[in-house]
Amino acid sequence: MKEVPVLEAHDLCASYRRRPVLHGVDVALPKGVLVGLLGPNGAGKSSFLKAVMGELKPDSGWVKLFGEPVSRARHRVAYVPQRESVDWDFPVTVADVAMMGTYGGLAWWRRAGAQERGRAMEALDRVGMASFARQPIGELSGGQQQRVFLARALAQDSELLLMDEPFAGVDAATEESIVDVLRELRSAGRTVLVVHHDLQTARRYFDLLMILNLRVVAFGATEEVLTSGNLDAAYGGRLTLLNEVASRSVVGGKM
Amino acid sequence: MIEWLHTAAGTAMTAAFLLGISGGLTGVFVVSRRMALTGDMLSHAVLPGVVGGILWGPGRHPLVVLGCAVVAGLVAAGLLMALMRSTRLKSDAALGIVLSVFFALGLAMISKWKPGGVQAYLFGQAAAISSGDLILLACSSGVVVLGVIFGFRVLLVSSFDPQHARLLGIPVGWVDRCFFIALSVSVVVAMQAVGVVLVSALLVTPAIAAARMSRRLVSQAWWACGFGVAGALVGVWLSLLRPGLPTGPLMALSLAVLFVAAALFGPRDGLLQRGLGRMRQRRRIDTENLLKSAWVLMEERACSELAIDILAERVGVSRKGIRRCVASLVRECDAELVESGFSLTPSGRRRASEIVRRHRLWELYLMRRADYAADHVHDDAERAEHWISGEMEQGLAKMLNHPDVDPHGSIIPRGVEREEGR
Numbered sequence: 001m002k003e004v005p006v007l008e009a010h011d012l013c014a015s016y017r018r019r020p021v022l023h024g025v026d027v028a029l030p031k032g033v034l035v036g037l038l039g040p041n042g043a044g045k046s047s048f049l050k051a052v053m054g055e056l057k058p059d060s061g062w063v064k065l066f067g068e069p070v071s072r073a074r075h076r077v078a079y080v081p082q083r084e085s086v087d088w089d090f091p092v093t094v095a096d097v098a099m100m101g102t103y104g105g106l107a108w109w110r111r112a113g114a115q116e117r118g119r120a121m122e123a124l125d126r127v128g129m130a131s132f133a134r135q136p137i138g139e140l141s142g143g144q145q146q147r148v149f150l151a152r153a154l155a156q157d158s159e160l161l162l163m164d165e166p167f168a169g170v171d172a173a174t175e176e177s178i179v180d181v182l183r184e185l186r187s188a189g190r191t192v193l194v195v196h197h198d199l200q201t202a203r204r205y206f207d208l209l210m211i212l213n214l215r216v217v218a219f220g221a222t223e224e225v226l227t228s229g230n231l232d233a234a235y236g237g238r239l240t241l242l243n244e245v246a247s248r249s250v251v252g253g254k255m
Numbered sequence: 001m002i003e004w005l006h007t008a009a010g011t012a013m014t015a016a017f018l019l020g021i022s023g024g025l026t027g028v029f030v031v032s033r034r035m036a037l038t039g040d041m042l043s044h045a046v047l048p049g050v051v052g053g054i055l056w057g058p059g060r061h062p063l064v065v066l067g068c069a070v071v072a073g074l075v076a077a078g079l080l081m082a083l084m085r086s087t088r089l090k091s092d093a094a095l096g097i098v099l100s101v102f103f104a105l106g107l108a109m110i111s112k113w114k115p116g117g118v119q120a121y122l123f124g125q126a127a128a129i130s131s132g133d134l135i136l137l138a139c140s141s142g143v144v145v146l147g148v149i150f151g152f153r154v155l156l157v158s159s160f161d162p163q164h165a166r167l168l169g170i171p172v173g174w175v176d177r178c179f180f181i182a183l184s185v186s187v188v189v190a191m192q193a194v195g196v197v198l199v200s201a202l203l204v205t206p207a208i209a210a211a212r213m214s215r216r217l218v219s220q221a222w223w224a225c226g227f228g229v230a231g232a233l234v235g236v237w238l239s240l241l242r243p244g245l246p247t248g249p250l251m252a253l254s255l256a257v258l259f260v261a262a263a264l265f266g267p268r269d270g271l272l273q274r275g276l277g278r279m280r281q282r283r284r285i286d287t288e289n290l291l292k293s294a295w296v297l298m299e300e301r302a303c304s305e306l307a308i309d310i311l312a313e314r315v316g317v318s319r320k321g322i323r324r325c326v327a328s329l330v331r332e333c334d335a336e337l338v339e340s341g342f343s344l345t346p347s348g349r350r351r352a353s354e355i356v357r358r359h360r361l362w363e364l365y366l367m368r369r370a371d372y373a374a375d376h377v378h379d380d381a382e383r384a385e386h387w388i389s390g391e392m393e394q395g396l397a398k399m400l401n402h403p404d405v406d407p408h409g410s411i412i413p414r415g416v417e418r419e420e421g422r
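Chains A and B are the protein sequences, given in the same order. Straight run, no breaks: the first sequence in the working numbering ends on number 255. Straight run, no breaks: the second sequence in the working numbering ends on number 422.
Quick caveat, the hints were computed from the structure, so don't treat them as lab data. Mixed in with the good hints there might be a few duds.
Said to hold, decoys possible - The calculated label-pair distances, taken between Cβ atoms and stated as ranges, are:
no.	chain 1	residue 1	chain 2	residue 2	range
1	B	Arg368	A	Gly24	53 to 59 Å
2	A	Arg134	B	Arg34	23 to 29 Å
3	A	Trp88	B	Gly395	28 to 34 Å
4	A	Gln200	B	Pro162	34 to 40 Å
5	A	Gln82	B	Gly395	29 to 35 Å
What the hints assert, rightly or not - Among the chain A residues that face chain B by a calculated CB cut under 7 Å, a handful are:
no.	residue
6	Ala73
7	Val77
8	Tyr79
9	Gln82
10	Phe90
11	Met100
12	Gly104
13	Ala107
14	Trp108
Claimed, not checked - Residues of chain B placed beyond 10 Å of chain A at every Cβ, according to the derived structure:
no.	residue
15	Ala9
16	Val75
17	Gly151
18	Val157
19	Asp161
20	Arg166
21	Leu168
22	Ile170
23	Pro267
24	Thr345
25	Pro407
26	His408
Note that CB positions come from ideal geometry on N, CA and C, so glycine has one too.
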């Protein structure tokens, strides 16, 4: 029997504020791989992650997680948000954020116990942030902030991890240490999908690449995908005709 | 005890206590979710509901009034959402419209039908709180406290990162709705005591005072309860001192005083602490400047003792100022008083040469690496010399290849480590 893909999108179209952001996206991710998601600004990378989490309702097409609809399987997904989308003034400490990863299996009225705390601290230890546990998140550097959210995802222990530009504003040493953790996850059979910008490092970090620009420009093994033709197609501007037709169908469909 | 509850003072005190708790607890979430304006909008938007409730049931049944008010609040919230989604208005503008429309509707209803007892809701009247109101207040506060205690985790995650909360399987939409209903109830019961406009004081002030005391939501919640209860009780107590003093405004003012105290003396970035820090910094810079000038003068004159007058003339500071500065240097064992003036001790000389070294290294750096003209680097270095750490100094020296002479031909004193290393 064929293995069920961890993440599968079929003919996925979605729009945000009457602008198309995804058009006809077809993709299937297997288990235990590191996948890089590349594309120019505004190409729909974050929107794709949102659609996978069920935050953005598709106009047509569908997304399945582990062979099930998103609404029934999204508790098996962890997410590391973009740095700008987090309220860094929110009054929580590093340990509080890591603890939030453990709340999934806990009934809502129950208090978190020693087991949850242990898991959170272990996750912080894996990303080298255990000694910062009592610090407010607003006082951390960019790299430290990113590692705290990675720890939250580790504590969650999910089968699919989505990361939105985890390396933006992060120093090289932190980037390496994050990638090391991602490789550990891969050997544990987890799938990681990372929105990424740097083509140079993408070659080293990822097994599979997905280049997105409204539609999937290319998807496959890293070496095969990183050809000049594909990059031109992705970064050489949006396909005007596709964009226009997609725009009209979105606006028209919602009149 | 029961009898005391039935006196005017007892009722007002009990109401203040309960209001402080529920206002403080909901307020912490209101502030950390950046919903302070929403709270204000709610207090105005529930007015048509309040008036409707009074008109509907004869004898102003508190539960009917509360129910109608909450419904009005929910309708306003629904309208707000719809408005923001369909017109892309920013939330502050949308809040402004909804607030004014609902409040206007309420006022129109009041002038048309003139319901009795609505004054209490408009301007707040703690004395008008009946025992029925008090029971309702106790119940609603109890629900808020229990909800926050048992739902704290869920509320925390949904407030901090709703996307993550949804992945955990938390029904964020329902959590938000429950929170909004609890907030509406808190607002309506608080209105009776302090009036429409001052509800924000009970919600926001304890929470922002608490934010000065701690950087964790859990302990902020405790602090906010404490501040809320203290402020409300003091307000009631003050209003009882003289006849004719209003309860609501006094509550708001007492809470504001508590906030000022927390802002001044709170451990988190207190103004007093910051002021002291700045003063200490200014004194350090003054001392460093004096040390440097003394060192340079001694270098020029090849002497080891300096008269206060000469230094005062050079620096352009009064003799008194110099004397005070020298006295503090003596206290720190960096200088010694001698007959003709003062001299620097070895530690003082080392400290001074460090500053001169940093000044001259920085000048050289600006010229070589940042393309500054030689006559432009001095002023910049005057500022920078106080902020260059030992580590940065070593980096600078290494980058500039351990220079001996600065752009003006003066000798750059050797760093401490290098001197000792030889």
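Here is how each hint holds up against the structure:
1. B/Arg368 with A/Gly24: 53 to 59 Å: Holds - the Cβ-Cβ distance for arginine 368 of chain B and glycine 24 of chain A, about 57 Å, lies within 53 to 59 Å.
2. A/Arg134 with B/Arg34: 23 to 29 Å: holds (25 Å)
3. A/Trp88 with B/Gly395: 28 to 34 Å: About 30 Å separates the Cβ atoms of tryptophan 88 of chain A and glycine 395 of chain B, which means 28 to 34 Å holds.
4. A/Gln200 with B/Pro162: 34 to 40 Å: holds (35 Å)
5. A/Gln82 with B/Gly395: 29 to 35 Å: Since the Cβ atoms of glutamine 82 of chain A and glycine 395 of chain B sit about 33 Å apart, the hinted range of 29 to 35 Å holds.
6. Ala73: Constraint on alanine 73 of chain A not satisfied, violated at 10 Å.
7. Val77: With Cβ-Cβ at 6 Å, under 7 Å, it holds.
8. Tyr79: Hint holds; tyrosine 79 of chain A Cβ to chain B Cβ min 6 Å, cut 7 Å.
9. Gln82: violated (11 Å)
10. Phe90: Holds: closest Cβ of chain B sits about 5 Å from phenylalanine 90 of chain A, inside 7 Å.
11. Met100: Holds: closest Cβ of chain B sits about 5 Å from methionine 100 of chain A, inside 7 Å.
12. Gly104: Since the shortest Cβ distance to chain B is 4 Å, the answer is holds.
13. Ala107: violated (10 Å)
14. Trp108: holds (5 Å)
15. Ala9: holds (36 Å)
16. Val75: holds (26 Å)
17. Gly151: violated (7 Å)
18. Val157: With a cut-off of 10 Å, valine 157 of chain B comes too close to chain A, as the shortest Cβ separation is near 5 Å.
19. Asp161: Contrary to the label, aspartate 161 of chain B does not stay out of reach of chain A, its closest Cβ about 7 Å off (not over 10 Å).
20. Arg166: Non-interface label fails for arginine 166 of chain B: nearest chain A Cβ at 7 Å, not farther than 10 Å.
21. Leu168: violated (4 Å)
22. Ile170: violated (8 Å)
23. Pro267: Given that every Cβ of chain A is farther than 10 Å from that of proline 267 of chain B, nearest at about 13 Å, it holds.
24. Thr345: At about 39 Å from chain A, threonine 345 of chain B clears the 10 Å cut-off, so the statement holds.
25. Pro407: Answer for proline 407 of chain B: holds, closest chain A Cβ roughly 33 Å.
26. His408: Its Cβ never comes within 10 Å of chain A, the nearest being 37 Å, so this holds.
Hints 6, 9, 13, 17, 18, 19, 20, 21, 22 from the earlier list are contradicted by this structure; the remaining hints agree with it.
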